[in-house]
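Chemist: When you get a sec, could you build the whole thing from the sequences and use the hints?
So the protein sequences, as listed, match chains A and B. Our numbering numbers the first residue of the first sequence as 1 and each following residue consecutively. Our numbering numbers the first residue of the second sequence as 1 and each following residue consecutively.
Some hints could be false.
Claimed, not checked - Listed next, the in silico DSS-like pairs over lysine-lysine satisfying Cα-Cα at most 27 Å (straight line): (1) B/162 x A/17; (2) B/193 x B/44; (3) A/141 x B/162.
Honestly, the hints are just simulated from the structure, not real lab data.
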Amino acid sequence: MTTIITTNELSKTYPGKRGRGGPVEAVRSVDLEVAGGEIVGFLGPNGAGKTTTLRMLTTLLEPTAGEATVNGFDLRRDAVNVRRSIGYVAQAGSSYPLAIVGEEIVDHARLYGVERSVAQARTTALFAKLNLAGMEKRAVKTLSGGQRRRLDIAMGLVNEPPLVFLDEPTTGLDPQSRANLWEHIRSLRDDLGTTVFLTTHYLEEADALCDRILVIDQGRIVAEGTPEALKRRISGDGVTLTFDDAAQAASATTVAGAFPGAQDLATEGSTVRFRVPDVGRAIPSLLRELDASGVHLTDVEVRRPTLDDVFLSLTGRSLRDDSAA
Amino acid sequence: MTFFTETWIVFARSMRLSLRNPTWVIIGLSQPILYLTLFGPLLKPLAPALGTANAWQLFVPGMLVQLGMFGALFVGFGLIAEYRAGVIESMRVTPASRTALLLGRVLRDVLVLLVQGTILTVVAIPLGLRAPVGGVLVALLVVALLGAAFSSVSYALALNLKSEDALAPLLNGVAIPLLLLSGILLPMTIAPKWLQDVSDINPLKHIVEGVRALFLGDFGGSTTVWAFALTAALVAAGTWYGTSTFRRESS
Numbered sequence: 001m002t003t004i005i006t007t008n009e010l011s012k013t014y015p016g017k018r019g020r021g022g023p024v025e026a027v028r029s030v031d032l033e034v035a036g037g038e039i040v041g042f043l044g045p046n047g048a049g050k051t052t053t054l055r056m057l058t059t060l061l062e063p064t065a066g067e068a069t070v071n072g073f074d075l076r077r078d079a080v081n082v083r084r085s086i087g088y089v090a091q092a093g094s095s096y097p098l099a100i101v102g103e104e105i106v107d108h109a110r111l112y113g114v115e116r117s118v119a120q121a122r123t124t125a126l127f128a129k130l131n132l133a134g135m136e137k138r139a140v141k142t143l144s145g146g147q148r149r150r151l152d153i154a155m156g157l158v159n160e161p162p163l164v165f166l167d168e169p170t171t172g173l174d175p176q177s178r179a180n181l182w183e184h185i186r187s188l189r190d191d192l193g194t195t196v197f198l199t200t201h202y203l204e205e206a207d208a209l210c211d212r213i214l215v216i217d218q219g220r221i222v223a224e225g226t227p228e229a230l231k232r233r234i235s236g237d238g239v240t241l242t243f244d245d246a247a248q249a250a251s252a253t254t255v256a257g258a259f260p261g262a263q264d265l266a267t268e269g270s271t272v273r274f275r276v277p278d279v280g281r282a283i284p285s286l287l288r289e290l291d292a293s294g295v296h297l298t299d300v301e302v303r304r305p306t307l308d309d310v311f312l313s314l315t316g317r318s319l320r321d322d323s324a325a
Numbered sequence: 001m002t003f004f005t006e007t008w009i010v011f012a013r014s015m016r017l018s019l020r021n022p023t024w025v026i027i028g029l030s031q032p033i034l035y036l037t038l039f040g041p042l043l044k045p046l047a048p049a050l051g052t053a054n055a056w057q058l059f060v061p062g063m064l065v066q067l068g069m070f071g072a073l074f075v076g077f078g079l080i081a082e083y084r085a086g087v088i089e090s091m092r093v094t095p096a097s098r099t100a101l102l103l104g105r106v107l108r109d110v111l112v113l114l115v116q117g118t119i120l121t122v123v124a125i126p127l128g129l130r131a132p133v134g135g136v137l138v139a140l141l142v143v144a145l146l147g148a149a150f151s152s153v154s155y156a157l158a159l160n161l162k163s164e165d166a167l168a169p170l171l172n173g174v175a176i177p178l179l180l181l182s183g184i185l186l187p188m189t190i191a192p193k194w195l196q197d198v199s200d201i202n203p204l205k206h207i208v209e210g211v212r213a214l215f216l217g218d219f220g221g222s223t224t225v226w227a228f229a230l231t232a233a234l235v236a237a238g239t240w241y242g243t244s245t246f247r248r249e250s251s
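Modeler: Spelled out as structure tokens, the structure:
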């Protein structure tokens with residue numbers, strides 16, 4: 001398989017401002033490789049360096065150190081060829097509120113050297129796939145937030161690039177549109193062999209859409225792998241047991257503590273939490289033992305590891321807290 | 001694809017956006033007329049004191065230079081709005097020449113200025129303006145070049161500052177002294193000596209004098225040649241600042 005993106009210690013440091021502390025290392029020596037036809041996701045909290053890395057790879061931001069090759073072109077020496085061979089959907093949008101939708105996307109395509117008639121045909125096709133059919137004559141400002149986001153995505157794809165960068169592509173989309181867009185991104189890969197590099201702080205998105213995930217935190221890549229492989233790093237599934245009172249929870253804690261393979265045991269009021277490998281096989285015998293000890297179970301919850309658990313175990317912080325804040 | 005095509009795409013897009021905003025068209029066209037009708041008559045009784053037979057030959061060139069400067073200096077606000085909408089970044093990620101992204105917009109501004117300047121001059125004729133056609137046409141060319149210089153500077157400042165709140169005081173801080181020391185409204189010949197000396201360092205003052213000379217039919221005099229040279233220098237400096245800002249990777 002061909003390598004589409006390679007970076008070597010790519011870094012971006014913003015100089016400190018007077019009275020506002022020292023320099024900020026937004027991206028620290030990132031080494032990554034993306035193969036052709038992959039959907040790779042950059043997963044991390046806000047401020048982790050996802051957008052900064054993307055802006056460097058799309059030639060919008062000059063790296064302070066390190067190198068990168070995109071589609072075979074050197075990022076620093078051959079920026080124009082890099083631009084020619086990529087599509088980019090920014091987080092901030094890409095069209096002017098007073099402009100006309102169809103004109104905005106056709107002009108964008110023409111700046112890539114695409115003929116007007118070809119650009120119009122591509123627009124029609126993209127709009128049909130992205131549920132924007134018939135929107136060409138509307139002013140950008142009359143579109144809903146979700147429609148506008150889908151217009152951004154259409155603009156990023158209208159030059160039919162072999163590699164497309166999507167910065168938080170589904171932010172502001174309702175669940176239905178999000179699922180549609182995932183479908184469209186998958187079909188880019190499956191039908192056209194397009195390589196997709198996206199950033200997201202949605203765990204579900206990274207899990208459902210990405211072939212491979214790069215977990216980034218504080219400017220560093222802290223882990224990478226398929227969603228499955230990352231989740232396998234978490235030893236065991238989470239079990240939460242709830243009882244009528246704290247006394248019973250205390251007895252259950254003793255049972256759970258002696259249970260084979262149980263770890264990360266924590267008791268909180270009438271609730272007991274722990275992890276156990278292969279929960280499907282463990283649960284019947286666990287319940288029998290609890291029964292034998294005479295405690296009365298009111299609720300049991302079993303949870304497979306999520307990417308959030310992966311992030312938590314890698315960084316000690318939860319991604320969900322971040323996205324909720 | 002050629003640099004020309006890219007410039008044309010950016011120019012046509014900007015022009016469409018300008019024409020689609022009728023408020024802008026009305027204000028842009030009415031302002032010169034307001035100056036002519038509401039300020040021009042004040043100069044008429046002053047004509048002998050200003051050393052001219054036809055006050056419009058003094059006033060209209062001043063208005064044209066003011067148009068070239070003020071009309072162009074504030075175009076940066078539009079760019080900040082585009083930047084905020086993500087348009088600038090989405091254009092910068094295309095392979096189009098960075099200079100074309102600037103030049104297409106500057107050409108739109110120059111065309112708008114030429115239309116406004118022509119209207120201003122034509123409206124002044126029934127009011128009493130008399131000037132040789134050739135001189136007026138060359139004067140409009142000077143105004144267009146001046147507009148190109150100031151609009152480039154305005155775009156570069158906008159892209160560097162990225163905030164209306166920072167751009168507005170800066171532009172006003174520069175424009176007002178430039179205007180007052182240019183002799184645009186009243187010629188500097190009636191100023192006290194010290195004020196004349198201060199105004200001598202303002203290139204716009206010499207350009208205004210040159211444009212006034214053009215309205216009197218003087219094409220080759222030293223005043224006119226000075227005005228051409230200073231305009232050329234301003235265009236060179238303005239477009240250099242503009243293109244170097246647009247070319248920088250991280251702006």
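Chemist: Each of the hints needs a verdict: does it hold here or not?
Modeler: Hint check:
1. B/162 x A/17: The hint holds at about 17 Å.
2. B/193 x B/44: OK: residue 193 of chain B and residue 44 of chain B at ~24 Å, within 27 Å.
3. A/141 x B/162: Given that 27 Å is the threshold and the Cα spacing comes to 21 Å, the pair holds.
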